[in-house]
Each structure stands twice: as structure tokens, then as C-alpha cells.
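Chains as they are written, first to last, in my numbering: chain B, 21 to 344; chain V, 395 to 554; chain U, 974 to 1472.
One thing to keep in mind: the hints can contain errors.
Below, computed lysine to any residue pairings styled on SDA-like, alpha-carbon distance capped at 25 Å [to be verified]: (1) B:K337 - B:I193; (2) B:K149 - U:R1440; (3) V:K545 - B:T50; (4) V:K541 - U:L1356; (5) U:K1257 - U:A985; (6) B:K155 - B:T50; (7) B:K149 - U:M1321; (8) U:K1323 - U:G1077; (9) B:K170 - U:L1113.
These are computed hints drawn from the structure, not numbers from a lab.
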Amino acid sequence: MTLRIAAALAAVLAAATPAAAQTYPAKPITMIVPFAAGGPTDIIARIVGEHMGRTLGQQIVIENVAGAGGTTGTTRTAQAAPDGYTIMMGHMGTHGAAPALYPKLKYDPTKDFEPIGMAAGTPILIVAKKGLAPKDLKEFVAFAKQGGDKLNLAHAGIGSVSHATALLFNASIGTKPTSVPYKGTGPAMNDLVSGQVDYMCDQIVNVVEQVKAGSIKAYAIATPDRSPALPDVPTTKEAGLPDYQVSAWNAMFAPKGTSPEIVAKLSDALNKALADPNTAKRLTDLGGVLPEPANRNPAWLKGYVAQEVARWTPVIKAAGETAE
Amino acid sequence: MTTMDKGAPRAGGAVRAPQDFAAGLFLMAVAALALWLSSDLPLGTMRAMGPGMLPRAIAVLVGLSGLVLAASAFVSDGEALTRWHLRGPILILGAVAVFALTIRTAGLIVAGPASMIIASFATDEVRWKEAVIFSVAMTAGCILLFKVALKLPIPVIAFM
Amino acid sequence: MDLFSNLALGFATALSLQNLALCFVGCMVGTLIGVLPGVGPIATIAILLPITFGLDPTGALIMLAGIYYGAQYGGSTTAILVNIPGEATSVVTVLDGHQMARQGRAGAALGMAAIGSFIAGCVATVVIAALGAPLTKLALLFGPAEYFSLMVMGLVFAVVLARGSIVKAIAMILAGLLLSTVGTDLETGQERMTLGIQDLSDGIDFAVLAMGLFGFAEILRNLESPEARDVVKGSIGRLLPTAAEFRQSFWPIVRGTGLGALLGILPGNGAVLGPFASYTLEKKIAKDPRRFGRGAIEGVAGPESANNAGAQTAFIPLLTLGIPPNAVMALMVGAMTIHGIIPGPQVMEKNPTLFWGMVASMWIGNLMLLVINLPLIGLWVRLLKVPYRLMFPAILIFCCIGIYSINNNPTDVMATAVFGLVGYVLFKLGFEPAPLLLGFVLGKLMEEKLRQALILSRGSFSTFIERPVSGTLLAVAVVMLVLALLPSIRKGRDEVFTE
């Protein structure tokens, strides 16, 4: 007990010295996950964080700070001391769609963070209730255009991945269905399986078993390649909608001002985790897609975030569905 | 200490159930507050209910039940109001506020004893030496329980 | 018979030394966090997830499930001893359980809660094993309209719960509904009544509200009336229920188990309604309903059984549909996913050892909980002997840490202080906080389902009556409301006449 406190004190003192970057990390690192435990981002953070902790010689402690579509935890990270002991796992929403969704956002994804690197993305699928008439994506697109607001789209709440990606899908095929908001993916999936709603867009990990069991059907997966988890589901390109390419990416960020040495150490540990066959397998088993080796560095992520913010802003603004 | 006179009819004055009367006024105040806070929210239609529809509808009902309660206080007898105390609420809730303010800035090592010692003074039975020793021991116990055994990410020492 | 070979497989899995040990650890940790106010299974399971990395998935899930139902068990202890409901499902236990403790019958209340939970747990395990798959269809019958009607029925329960003035009870339910609308609007994303505070944008957390209204307000209340708490200290009473109390509790346990098991299967956290439904039923059919709220043992035995049965049958939608009905189950999905098993309709066929092992472990876990909890009753009851000047700072610090750990957010702690003040005002004005909490819990689901149903029906209210399940539920609600109001209307008329 006293030993632990002494050790913690020593660690705190060590961190406070100017030579912090050399001795980093001298105490456990907190990784903020801005969502509730058990969701895809949380699981990816835990799998990657566990291996990184071994590389760095210090445990990475996951702290779930859920709220307001992930922006609560992201705001806290942006305001944290840039000493390398507070980092976060951000995603497509917090660092892409949030500026358009939340006009009063207290952070700027492109300016308030030091990107560390991309962890993994989860592909988006277009799924529908099993009794829906269209057989494939082409038929569905025609059906949706004709049906207009007669069609019911389920999503997991304003600002969720399933909401943003559905907005993008609707915009790319030019239809405006009736949206039915749910609180989370679970209840939305329940009503899709029981046929109360017609279709939704969601991450592969949330839909894969339902598709396999035939309780819902999948029209297409929005990635360049088919997923090994669902080899029979065509890509959007094959199915005739090549423009709809979207993935719920998850990437690590540190607060602005974190020293480049520390960011390099973290980025290096992240790359080692992604290169580890066991960790990589666990991520791909979830249906996760690892970034290309060339895209596993902070500089690439910086550019990607800017690109994503620019991509989501017009889509969400056009739909007029923002959180005020 | 307390003044619990049950059901004794008030001599004089039209209000026969002061507690219910105050309760009714309280509910009406809550309703007014909710109506004011939700006044800028669109009501929407039945097909597409707006965000303001339910809060305002419920607030009106809360206000109505307050009205009924306050009105009934003139008709039937009820309980009297008891004395309001300040020491308990201020010290207990103050202690909680101190915990909230210090847990992330100083850590449990400060927040624990500080809040418990402040709270201890909410009763006349306080013995300050005992309170200090007990709060320090409890904090140590909490660190063992929450931090070491359950591994919750609670800051133990956050200053420096 | 397939069931027996499956159960044999399950027990063979669950009885391995490692799985037994994991089940025990889970039950112990669950009991501990259940007793600690505020520290819920969600935070703990999340923290323990990485520790389970090294285990095989069956073992990991056996442990995590143990934490979950162990916490339901432990939660009743805090509710009975210090009048703090740790979760929505123990709000009802507070009503009569704490009254029993005040009368020196804490041991009987705790004992009956443990025994009722054990029986309910055993029955629920059999239900999962034998009927899990067919019952899944029930979950799929419930769309938004049905769910809304079920919630309306729940509100009627709340009226029946009331002790004392019915107007005050209705006002509290409405206030609870009002509080539940605070936060971001589901459909438009607009912030409602948040006073511009960002932390309120997801609404008010149940634990924050409950800990303020019950936990802190209770401390303030006790500080004002020392004689009330001295009653608790005065006599400990027997540690186990008497034979008469057993006889009184038998049918409530049976009925509570049935109601809880049925409601637990429903999607969207139907398990919350179980204890309320059980309490309502017992109070309605009791010879002397006035005993309820004043330490009636049926008011502990029934709801506690319903609570535990529901906690277990809540696994059915998860294991047979792959759809988590509540936040803890969503975390279980995460736990399974981390181990490479994505829950879905095929878990039962593809991972029979996991499914049946878990079912068998639940029965073993319930037995363990009984063995862990019965001897602890003596210890808990003795805790009541601690002088109150030491007890309340301890309760305070446990509550603070517990609330902080929900979201690691100090603002939550501050909000609890505010609700503590509200709770004190309500106490002074003679309001009961229990109907408010129920209104709050139901309100969140109710608005969501109401609006979804109306979007799907394109604004037509007849959807609630035309759909058979929904219409039936509404009819039951109306009948119950009439039954609940009749006595007080009659009484009110009698009073008018005597005047």
C-alpha cells in the first residue's frame, strides 16, 4: 500500500522534471474513449491499448468519458495537459462529423490535437429487413428513390455513425426517407429484425451475425474490397454505387502541444501493436480493417482528418440535422 | 429538535394544510421554470412531434397538479410545515461540492478527508479528532477498495 | 431429450475448476459493487474486461455474468440498510425493506431478499434453458407502439406505489417525466432545458438522481430526526425470517419470479418494470394493503424475486437474438466481441459450450450467492450499530466515489448535490421520491417509443389501439388505473359525507 503510493509519488515527480520525454512513460497512460464501454471504438482501444502498454512498459488505462456523441470526452482530451499521459481514441464522428453536427463545439479536430496514428476502421454496410422487396443494391436504390419518405430508415441517434453514414448514403442516391431515431444500435437492430423499420447503415461488427443468420439482409459493403467476415456481400463498387465509400475509422490523438518525441514513441508503439499478428487478428476478427502500412503515421492522419471534416460538413449541413 | 405536529388544524388563516399549500406552490414554480426553459423549443405537430411538445405538456400537468394541491389545502386539514434547518444541507452538500471540485485537481487523497471532515460537522455529536482519524482511515480504505481492488480510474494524487 | 444432454454439457463446462473459481470471483465482486452505492456493474465490467483477455471466452463470460447478477443481489443490501437504491430495480425494495430495518427486522428483510432472489434465479435459469429460443419471438412482437403501451402500464404501477396522498404521487410521477425530458432531443438534436450545461446534454443520469434524492436527502433527514435512526440501532432482531414470514413470502416470490422473468425478456430494459409490477400486484391482492410501505415482507420478497429473475432472463435476447436489452448486456456484447464471438442468432448452435456453460453457471452462481450472502447478513446488520456520526460521512464518500466512477466526471457529483437539496425540499413538503424515480425511468423510454411509434404510423394515434398487443396492454392499464383510483375516490366521498 505505502509502496504503491510511494511509487506513484515517484512517478509523478519524475513526470514533472524537464527531461520528461526521455523517461516517458514513467506512469500509466490514460486513454480516453469518448463512448460507453463495449462499443466498437472501446473494443478497438482496449485491444490496441493492451499491446501498446506492453511495448511502452506502462499500462494504458482506458477511461470511458461518454456523452454528446463523443464530444464530451474529446473536449476533455483537448483541454488536458499535453504531457503524453492523456491521449484518446477518436473516430469518424468526433474528428470528422462533429464540427458540422455541433455548431457550439469547443474544439477543432484539425487544430487542437497532435495526431498519433490510425488504429483500425470498421466498414459500413447497407442492411435492410429481410422481407424488403428489392433483391440487390440497384433495385434498392430505385425502390428508395421511388418510395421517398414512405421508407423508414433507422439510426442510432443524431451524430451516431449510423446516422452520419446514412445521411451520406441518402445524399449519394438522392432520396429523403423518414428517419426513425433510436437510442443506440441495439434497439434499432431489434426493430430492423422484427421488421418495424426498413433499412439502416451500420458498422460490420454490429450487423455481421444477423446477416449470417439471415434475420436481416445486406445490400453492400462500403469498402474497396469485400470483407472476409461476409464474403458474399458485394462492395458498393460492384453493386453500382462506387461513390459511397465510408468507414468508421478510429484513430489516436494527443492534446495539442504534446512533444514530438512523445508522439513518436506512442506512434511507434501503435505501429508495433498493428504489426503484431495476434493483435491484428483480433482486430480483423471483428471485421476491422487495418490501415495500409504507408498510412500508419501522424502526418498522414493529420491530412486525413482535414479531408474528413471537409467531406462531412456539406453532407450534414445539407441534411439540416444538427445538434444545437 | 423537530416540530412534527401532525394534522393539527391551524387556528386562524384560510390555509388548513400549510404543507400541501407550500407543496402546490413548489410544483407550480417547477412548472413555470420548465415552461420558461422550454419556451424556445418548437412544438411540432402530431406527425412529427417537436422537441418542445412533451416537456411543455408535462410541465402544464405538473402545474395543474400543483394547483389542485394548493386549492385542496383550503378545503381539508393537513400537516403543518416543519422547521427548515440550514446546518445539515449546507455542510453535507458543501462537502459533496468540495469532493467534486478537488477530485480531479487534487485527487482522492485530498478530496476524501476534506469532504468527510466537513460533512462530520453537520451534527452536534461531532468529535473532531475522531472525525480526522476516521476520514483518513476511510480514505485509505477507499483507495485500497476502489483503486487497488476494483481498479477504477480514480485520481489518487492529481496535484503537482 | 435434447435439453438434458445440453444441460449436462453445460454443467460439465461450468463445473470445471477454473470456471467454478471464476464464477465465485464474479459473484464476490458483484456482491461487493452491488453493496457499494453508485459503483455499478457497468463501470466494473468495463474495468475488468482487459483482465479477462487471458481467459477463454466461456470463463470470461461466466465471471462477467456473475458480476452482473451478483450486483443485483448486493444492491438490495444497500437499499434495505441505508435506503439508497443503487439501481432502478431496487427502488421498490427501499419502500418496505428500509421500513423493516427501522423496525429492527433488517435481518429478516435481507434474508428474505436473498432467499427470494435464489429461488427466482433458479427458476429463471430453467426458463432460459427450456424456453429461451421460443420466448425470443415475444421480444420481436414488441415494436415501439407496444413498448409505449407497456410504459403507460408502468405509470399506472407508479400510482399504486404511492403511500399517502394520490395527488402528490401523481405530481411526483409527472415531475419525474419532466426531468426525463432534459437533454438532447432524440430526433432533432436540440438541447432541452439544459441551462446551457454541456454535461446535461445526455440527460440526467439515473444514479445521479437516485443518489441525490435518496442517498444525500436521507442523510439530511436522519440528521434532523435522530430518534428515527435510533430505532434502527435499538434492536437488531433475528437474523433469519420466521416461519410465518416464510409462509407470507412464498406466493409473492412465485408471482414475482413469473412477472420478472416475463418482463426481463422484453427488449429495451423491460426488466426495470419487474419489481414495480410485482409490488403493485402484491399490494393489490393483499388483505390489508395499508401494511405496504410500513414494512410488509411481501413488498421485499416479491420485487426482489422479480428483480433477480428479470436480471437473468435479460440474457435471453442477448443469447438468442444477439441484441442487448440494456446497457450491461451491451457491455456483454463487447466482452464477447473482444473474445472473437460476435453474439447473434447462432450463438446457441455455434458455441454450445459457451451458451450452456453460461446457463449452468448461473444456477451455480445463484447457489454461491446464497452461500456468500446469508453469513454476511450478520455483518451487515451489525454495521447498523456504527454510530451515525461516523456512518454518514462513510456513506457520503462511497456515494461520491461511486457517482464519479460512472463517467469519471466531477460534474455528476455536483449534480448529485443539487438533487440532494431537491430531495430535502421534497421531504420537507411531504413528497415521496419513489414515484418520481419511476416516472423518470419510464419517461426516457416512453418519449422515445411514443415518437418512434408516431413516426412509423405517420402521426396516427390509432396505432396504439389497432395493434393487438399494444391495445391489450392499454386496456389492462385502464382497468388497473380504475381499480387503483376507486378506493381513494370512494374514501374521498366518504370523507365529504362525514364532514
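So, going through the hints one by one against the coordinates:
no. : hint              : in the structure
1   : B:K337 - B:I193   : 17 Å, holds
2   : B:K149 - U:R1440  : 20 Å, holds
3   : V:K545 - B:T50    : 13 Å, holds
4   : V:K541 - U:L1356  : 23 Å, holds
5   : U:K1257 - U:A985  : 44 Å, violated
6   : B:K155 - B:T50    : 47 Å, violated
7   : B:K149 - U:M1321  : 22 Å, holds
8   : U:K1323 - U:G1077 : 52 Å, violated
9   : B:K170 - U:L1113  : 22 Å, holds
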